[in-house]
Each structure stands twice: as structure tokens, then as C-alpha cells.
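A.B. asks: Residue strings, one per chain:
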Amino acid sequence: MTTETLIWLIPLPPVLAFFLIVLFTNKNKALSHSVAVGAAFLSWLGSMIVFVRALGVEHLGEHPFASSINWLPTGETWLKIGVLIDPLSAATLFFVAWTVLMIFIYSVGYHNYGQPAGDHDHAGLPPHGATVTDDLGHKHTVLSVEPMYSRFFAFIGLFAFGMYALVVSDNLLTLFVGWEIMGLCSYLLIGFWYGKSSARNAAVKAFMTTRIGDVFMLLGITFLYYATGTLSYREIFTEEVLHTLATVPSGVFGLSAAGLIALLLFIGTIGKSAQFPLHVWLPDAMEGPTPVSAMIHAATMVSAGVFAVIRMFPLLSLDPKTMTIVAFIGAFTAIFAATIAVAQNDIKRVLAYSTISQLGFMIAALGVGAYVAAVFHLITHAFFKALLFLGSGSVIHGMEHGVLHTGNHKVDPQDMFNMGGLRKKMPITFWTFLIGGFALSGFPIITAGFWSKDEILADAFGHGHLAVFITLAIAAFMTAFYTMRQITLTFLGEPRTKEAEHAHETPWTMTAPLVILAFFAVTYGWVGIPEHFPILGGLVPNWFHEFVGGTLAEHPEAVEFNIIPLATSLFVALGGLFFGWLTYRNVQSAEQDKLQIPLLRNKYYFDEAYDFLFIKPLTWFSEVFVSRWMDKSFIDGILHIFGPATGGLGSFIRDKFDVPVVNQFFGDGSADATYWIGKNLRPIQTGRIQQYLILSLIILVVIGGLLFALLVRSA
Amino acid sequence: MDFLNTHLLSLILFLPTIAALIMLFLPSGETKLLRWFAFSASLIPFALTLVLWSNFDPDMTGFQFQEQYMWYEAIHSTLHLGVDGISISMVLLTTLLTPLAILASFSITDRVKPYMMLFLFLETGMLGVFMALDLLIFFVFWEIGLIPMYFLINQWGSANKDYASMKFMMYTMGGSLGLLLAVQMLGVLFGTYDLVALYERWNSLDPGSILLGLPVHTVKTIAFWAFTIAFAVKVPIWPFHTWLPDAHTEAPTAGSMILAGVLLKLGAYGFLRLVLPFYPLEAKIFAGALALLATAAIVFGAFGSFGQTDFKRLVAYSSVNHMGFVVLGIAAAGLAAGTADAHIAMNGAVLQMFNHGLSAAGMFFLVGVIYERTHTRNLEEFGGLFPLVPVYGGILIFMSMASLGLPGLNGFVSEFLVVRGAYPVLKIYTVVSMLGLLFTGAYILKGIAKVLHGPMNEYWARGEHKLTEINTREILVVVPLMILILIIGIWPAWILEVINKAVVALF
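Quick mapping for you: the protein sequence lines, in order, are chains A and B.
The numbers in the working numbering rise by one with no breaks, and the one at position 512 of the first sequence is 512.
Throughout, the working numbering is defined as the position within the second sequence, counted from one, plus 1000.
Each hint should be verified, as a subset may be incorrect.
Said to hold, decoys possible - Distance condition first, Cα-Cα at most 20 Å in a straight line; then the derived SDA-like pairs of lysine to any residue: (1) A:K29 / A:W508; (2) A:K27 / B:I1475; (3) A:K196 / B:I1475; (4) A:K80 / B:V1504.
Unchecked claim - Not close to chain A: a few residues of chain B, all C-beta gaps over 12 Å, as computed: (5) S1158; (6) D1206; (7) G1288; (8) N1378.
Because the hints were derived from the structure by calculation, they are not lab data.
Ideal Cβ placement from N, Cα and C applies to all residues, glycine included.
All chains, please: the whole structure from these sequences, using the hints.
C.D. replies: Right, dumping it as C-alpha cells:
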């Protein structure tokens, strides 16, 4: 099979799995997950083959694998769609394939495959556990299988399709198609347990918030399509087209056309990758099952947002104003989300805010022109964040086991203050989570997160963006701090609740993906060690920079080595970890936590503010202003004038003309007149012949006289 | 075979009427027979339309399958039929939706015979508008379509049917008055009603000359608005839209399907077939006004929809929102006539007509399915019904997403094309319309959230109220729509190519 054909085929297995499960296998759990995991495996296999072949091509950036077909007739021309594998998409494909496959396998265990059906479970709510009787006649409550097990695999199949389609696209239109399909899937999966009001609201919130970005992005796509006549990257990123876009003014905020288009597209990313000020949906997205969180936070959705803006980097970098905005949004989001993460107690929420913050790092990296560093961090982050989410799911799963054991359902299995000491109960989860957490914190040398974050800091410093550098450094310190807080509260010390004491390691389908992801969370950093790094530099070639940098027409130069950013990144990582441990090693409950500041705990009251500023007024506008006032009262009010007015006119004509003139005067009047004449002539009808003769004689004389007078005189 | 080929259009057009007349002689009590007869009869025009489609040559310009019969000799009006790439897609939509609507009406038990007959008459009325190449015939069919729909709403509608049917009838009739006068004027001026002949003569009028005692320009402007208002009411363009939520809501399910699916397209089709070709100059001059109203329809339609508590009204308002994009495309095409932008916008507008026909019919049908079972349309009385009706829920989400314009489904393609075509010439309007798209999402999600999601309303879970799953017949109604929605979303070229070639030739 040619590589091009293979690339076309990569996204297909998961979407076929979606249709197969929905239409045919949804009653059979084993078949459904086999279809889904099998499909994910096929896509993984295809991706790996393509990746390996891509590695074998010299100057892949100039000679990528590409193929396209006619899709939409547009007047005399066609809008083409197609696939493209250049270094950027090859590298992206690699991490997507791995994380997706791991999440699929993990989901089998997470949804309690093989466990009995729950006692009171029903579709739309998380499983509550099942009672089983063992051989000795003892009753136990155990985890029960997810009632909508098959449906889950169908949805994540569609989700994976969206991501694969987005990655292999050679144009913005199909990228947008994949982008929106992921939006739909995130909606369906965040609201997977739709019976809970919170899940339903979170799903709507996610869809609507990202849609704000999407609308602007579509506008950007439209503008770009109009300005260049194409949406294909390779046709846009030519020198002439870019030059034209950079020189034509857009007429908005003094930006060039390129600047405005890039800004509009970037707003799409703000929504999708949950950057300030559209970050509000991501933490609520925790309402979905944990594999979904991993899917959204690592493998697909938010990575897609960053991927899109990385894709458009040649356009983005044309206008310095846009770059400044991007850098600002990224850096601000990085530190802003980190401060919130410090005060969260839900194990998944901490990770959610850390995702927002880390995405901010990538965006900021792009804003300072650190193209390769952004891609690098995107990939390492995907690995360690998928690991952390799946790890947290494993923790929750273990805790749920404890909750079922004690039967105390008031204990929140996601609250870190209910945990503690889990390292002994769940060793594999602990060690892998530790690796993931250290990678997130940027623990020096061994973890992948260190290398990618260090490169961002080095680039920010090297390109002279001191404000960005300092902001990101502080954010990195906080990252290490809250990560260690999380690890300490969850795994270290002694169990703080009975439930934590009875927590249990999870099955292999869950732990195996953790181990594999942990492997990448460590080793992936080693492919991108800067050449001039003390001691280690040059031992292994900086393959990543060479490879991914080749995507751009102008190969980006690696920044010169400087000790300041390195020292900074060593200090913030180790310092943050140390302080996190120091502060929280003896904290027993939320009351003892000094950082539970209401402002931070309540996420700076963004939800409340948006509700007050936008949702309430817009609801009022549609329910009261448009529906009631404008349509019902005003427009219909005018229409309703016609009815009575026509009726009034009719009544008027009838009352003032028909009745008095036609009916009464002419109609009744003529009858009355006839009657009156008849009545008054009656007295002469006496029946006497003599009178009649006299009358006849008189009339004869009168007529004769008249005739005589008229005829004779006129003659 | 030869007869079939030469009379294809008239067969498609009149077979439903003939079938309706045959129904007169069928026994009224045999509801099963009547239903199946009507359904089978409506399948024949559909099958013939497929023949038509496969024999249609998109590369040929002008009208194909033309037929002409003398109709009213004294005023030179002929029954002139013909189709091009634009009308053939509308014919396909009509002959597809009618059998589905009839199948959807199998649950009707009250006076089945007249009900089915009205549907068949309705089909002829609608097809006639799409096929007519004679102004007077166009107008005749335009009015014929109204009457069956009036009775369907008035006799088989729900609580407020008298008000709604009256409003529908009077509004549309009132709107058409100007159209009738303008049509007569053209007929009197040129001694013919034939569209093909009129296109040439009307546009070759010397702009400086005097017509009926007025400058040509003034006459044209007046006639332009007479046409425009008639079609604007039908589409409906804001602020002529308030008949629509009432009529759609009160009509029986299948009536709403056809109303939203086809009848609204008659108005938009009038713009394409008559307004733009007859009044290119006026269309250019007044494009801004038209775009403003289209934008208002998009934005206020979305807000209006979001503000409803009645499920069916919510869907009804969504038609205002979606048809706004058709009008926006028309306005852009009028403004940019002759350019690639106009072609793209017009492609989008025509495809949007087709797409909205599919998704709106599907949405109204799904509302009907749940209304038949629960006898309520109040969103607040549903809630959490998904576990009770998983198949229905899945279909509803699919259809909602089509309505929302999810990429990968049909609505996205047409909206994207309209926006792309309109953007260069009507920037501000396009940008505001796109913000309207945002609220499209809001009301669609509101519908799903209130009906399917959230804590379950236990009232529907057990006892005699227990909500039953969508049945096989109902699934058969909606599956063809879903398949087409998906196919157009993934591979729009099959239909868009036909439309595109006609559009390039015309505009």
C-alpha cells in the first residue's frame, strides 16, 4: 500500500467502530470494546507505519506525503481536501496514536468490564455497585459495570476519528471538521452521565464555550479562503501568498490581513485549548468519566487547539502584533490557571487547571516564536498528562472500591483530603503517577517535561521576552508546588479515611497503559536534548529539533545555551517540589490548608461573572425581549391590528352604508314606499263601477288635455 | 418508454392529483387501504424523479425535459414545464419528503381519506411551482399549494389551529397580492407569460423609456418589491416571520414536515427563479436591505428559538434562523452577480434550501413522535428521557446536530458556502450572522438538554404514561433523511455539481 493511501485510511477504523457499535454491537459489551480497541489498534498501526516511513524521508518538510481530491465545486473551481504528513503531523500522529490506544485499553478496566451489573444502576448515572454473595454466603458490595458500556466505546471511537482526521488534514476545512466532531464528542462524553444535572450543564458549557471560539475560527477560515482562494496549507504557506497577506491591511486594529486571520484562528484555539478568557469549560469537563478527561486533556481536544495554531505558525508569525497577543494570552493563562490549581481539592480539578496552565506554556512559546519548543511541550505534555489523568482515574477507582467496602457514600472519592497513604495500597499507580507528576513539574534531566519546559524558558529568555520568561518561571514553580501537594496529599503519609485504607490496586487493563505512558513520560524528553547542554548535549543528537524544525520553510535556529534559564528551571522545579512536600506533609484536612483562599477556590468567580454578564442578559433577551416583546407584542400586535381594522371597516361599511343606505333607504325604503302608495291608494278601490268610470273619465280628460297641449302646440 | 421520457415532468406533477381523485372512490372506512394507497402513489413520483435525476444532463444550460401545452389561449398562457439544476433539486426534495410525510401520517385516524387526498394535492401544488416556466402557471400553483395546507392545519391541527391556519392563509394570500398584480403587468406588457421569453424582453427594455406612464426604473422597482414581499412572507424573512411559529406548531406533524421542508423553499425559489433574473439591478441596489433582514432573521430567529418553552415552537423558530442563511446567500449573489463569490453564495443558498428541507422535516417529525406519546410539547414537562427511549434519543441528537450545522453533516457545507460567498461583499452582515450561529448552538443544546438529559421525570417512566420507544415505521421515516444528511455532509459534490452548473450559467 502506498503511504498516501495508508494516510487516508488512518482515521477510518475508529469511525467505522462508532457506526458498528451504534448500529449492531451495542447490546454486546465484549464485542463492542473489541471493535473499538481493535479499531484503535489499526489506526495505531497505520500511524506507526506512516511515522517510520516519514522518518526515512530526507527533507520531509519539503517533500511531505500528500494527496488531495476535489470536494466542493465552487463556481468554476473546486475546493480540494486531502491528507498531508509533514514532520509536524508525523510527530503529532505518533503521540496521538499511543495515547489514544492506551486510553481505549484503560477504558475497559475503568468501566468495570467483567463485573456484575449494578443493583440500582441505570443508564445516565455512574454505576453504584453491585451486591454479590460469595461461596461462604457473605454479601459484598463490589464495583458494577457501566450500564452504557458500549456507548462509551462508540463515542471515544468517534472522538479518535475527529483527532486523526484533524492531524492528517492538509487543509483548514477538514481540520475544522475534525475539530467540531471532537467538540460534539466532548459534549457527548462530558455529559455521558447525563442524568446528573451537573454533567448536563458541564456538557452544554463545554460545547458553547468552545463554539464561541469556533465561530471566530470559521470566520478566520472564511477570510483566509476569500483572501487566498485556497485552504490548503501548502498553497497558503508559499512565499508570494504569505507576502501578500502580510502586506495587505485588514482594516481592523491596524492588523495586516495575515494578522487578523491568524488572530481569528487563534480565538478558535483559545476556546478549544481552554485559554483565558474561555478557560471556564475545561475544569467542569471533569464531569465525564476519567478516560474522557485524558482524551480531552491530552490525546485529542486541547492538543488539537494547540496543534492548529502551531500549524498556522507561518501565518501567525507574520504580524508582530498578533504574536504579542498570543504570547500574552499564553503566559497569562499559564500563571493564572496555576494559581487556581493550588487551591483545588478535587484530584481531577487540580490536573484540569494544570492542563490549562501547561497549554498556556505552549501558546506563550509560540508567541515568542519558539516553534519547536511548543511542539515538543505539546507532545511531552500529552504523554504525561494522559498518564496523570489515567492515574487519577485509577486512584478514584481504588477509592470507590474503598467506598463500596465501607458503604459510606458520603465520602467523595475524588477529594484528596480523603486520601493519603495510597502509595502502599496502589503501588503501580503511585510510581507511575509520581513519574507523571515529576514530568509535569519538570524534574530535571530524567523527565521529559523538564526538557520541553526548559526549552520554552530558554527560548523566551534567548529571544529577549523577559516578561514572558519571568511569568512562565513563576508558573513553573507553582506547577511543581501544586503537583507535589497533590502527590503528598494522595499518596504519602497515612490514610486519612477508612475508605483510603481499603483502596485497592486496579486491574491490569488500567495499570498497563499507565506503565507504557510512564515510559514515554521519561524517555520522550531525550530525543530533544539541546546540543550545547552541559555534559549531556551532543551525546544523543537533537533529533526532535532537526525533524520538527524541518516543517518550516526556514529552519528555526536553536537558541544559544545560557545558564540563566537552565538554573531557573532547575530551581523552580526542585524548589516547587520541595516546598510542596514541606507544606503538605502534615496537613490532615482542608481546614489546615492555608491556601484555601475563597478567591482561588472559586476560580476568581469567573463562572458567576459570566453568568451575570452574559448568560442572564442573553436569556432575558431571548425569552422576554425577542419572544415576548418583539414577536408576540410588537409584530403580532401590528398584525392583530389588521383583523380588527378589517372588521371595523366592515362594520363601518355595514352600519353606515349597507344598513342605512342600501338596506334601509333603498331596500326597505322601496318596499315601504310601495306599501305606502298601496295603502293610500286603497280607499279608491271601492268596488263601485260608477266611481271607476268617473275616475277613468277624469284621467282620460287629463291625459287628452296634456296630449293636446303638447302635440298641438309643438306642431 | 418514449412517452415516459417526453412526459416525465407532467407525470411527476399530476400523478399525485390523479391518485387523489382515485382515492375519492375508495371506501372511507378502509383506513389501512387508504394509507397504503396514498403512500404507494406518492412513491411513484419519487421513482420518476430518480429517473429524471439520472437522465438530467448538468452540463447542458437552460431548461431540460420541457413540455408545453396550451392552457389559456386568449392571454397566451401555456402550461410550460421544465427543470434546471436548481429546480430539479427542489423537485427531488419534494417527491422525497411527500412519501415520508405520508408515512409519518399513518398514525392519523381521523378522516383519513380527505387527509391523504389533501397531501397528494399539496404535492402537485408544490411541484408545479418548481416546474413552471410560465408566470401565470407559477402563480396558480403557488396559490394551489396554500389550500390543502390551510385545511390540514385547520382540520387536523392542535389547540390553536383556527388562529394559526387563518394567520397562515391570510398572510400568504395578502403577500401574494402584489405578486399577482406584477405578474399581470408583465403579461399585459409583453403579451406572454412565458418565463424564457420574458427573461429576455424584460431585461432588454430601454431603461429610459416610459412604461404605463412611469419611467421603466420606477415600474421595475415597484414590481421588484411586489415580488419580494410575496416571497419574503413565504420564506419567511424577518419581520414577516410570525405566522411561521404558529402555523408550524399547530399543524399536524406531517404538515409541519412539509411546511418547513418544502413550502418555505417556495419563497426562496421565487427569489432565485424570478426576482434575481428579472431584477438584477434592483437586487443589487437593495441587496443591503435584504441582507439586513436576513441577518435579523438569523439572529432573532436564534434568540426567538432559545426563548421558547414549547418544543415545537423552538424547532419552528429554527427555520427562521436557517432560512436566513438562504436569504443572505441570495442577497450576496444579487450584489456580486457574475463573480465567483456570487456563485459560491448561490450554491450555498440552494444547497441550504435542500439541507434545511431534510433536517427541518426530520426535527418536526421527531417532535411529533414524542408529542404523540406524551400529548405535551412543554419542554419543562420532559427531562431525562434518554434512558427510556435510547434509539429515539440517538436519532434526535443526530438530527439536532444536522440542524446545528455540525461539520460532517449537511448543514455545515451549505452554511460555509453562504458565509464564504457573502463575506467579501457583505462583511458586517456576515460577521453578525456568524454570531447568530453561536446561538443556533444554544437553542439546539437547550432542546436536547430539556428533553433527553438531566434527572429523569419519573412520570414518563411507568404506568400508563410510560414512554414507548420509537417504532419501526417511524424509524423508516427518519432513516432516509439521516442517510442523505450524512451523505451530503461527507460527499456534497453529487448534488452540488448539478446546482453549481446551473448557478454558473444563470448568475
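A.B. asks: Does each hint fit the structure? Answer for all of them.
C.D. replies: These are the hints, each one checked on the structure:
1. A:K29 / A:W508: Distance of about 18 Å is within 20 Å: holds.
2. A:K27 / B:I1475: holds (19 Å)
3. A:K196 / B:I1475: The given pair, whose Cα atoms are some 28 Å apart, is violated under the 20 Å limit.
4. A:K80 / B:V1504: holds (19 Å)
5. S1158: Holds, because the least Cβ-Cβ distance between S1158 (chain B) and chain A comes to about 18 Å, which exceeds 12 Å.
6. D1206: holds (31 Å)
7. G1288: With a cut-off of 12 Å, G1288 (chain B) remains clear of chain A, as the shortest Cβ separation is near 19 Å.
8. N1378: holds (15 Å)
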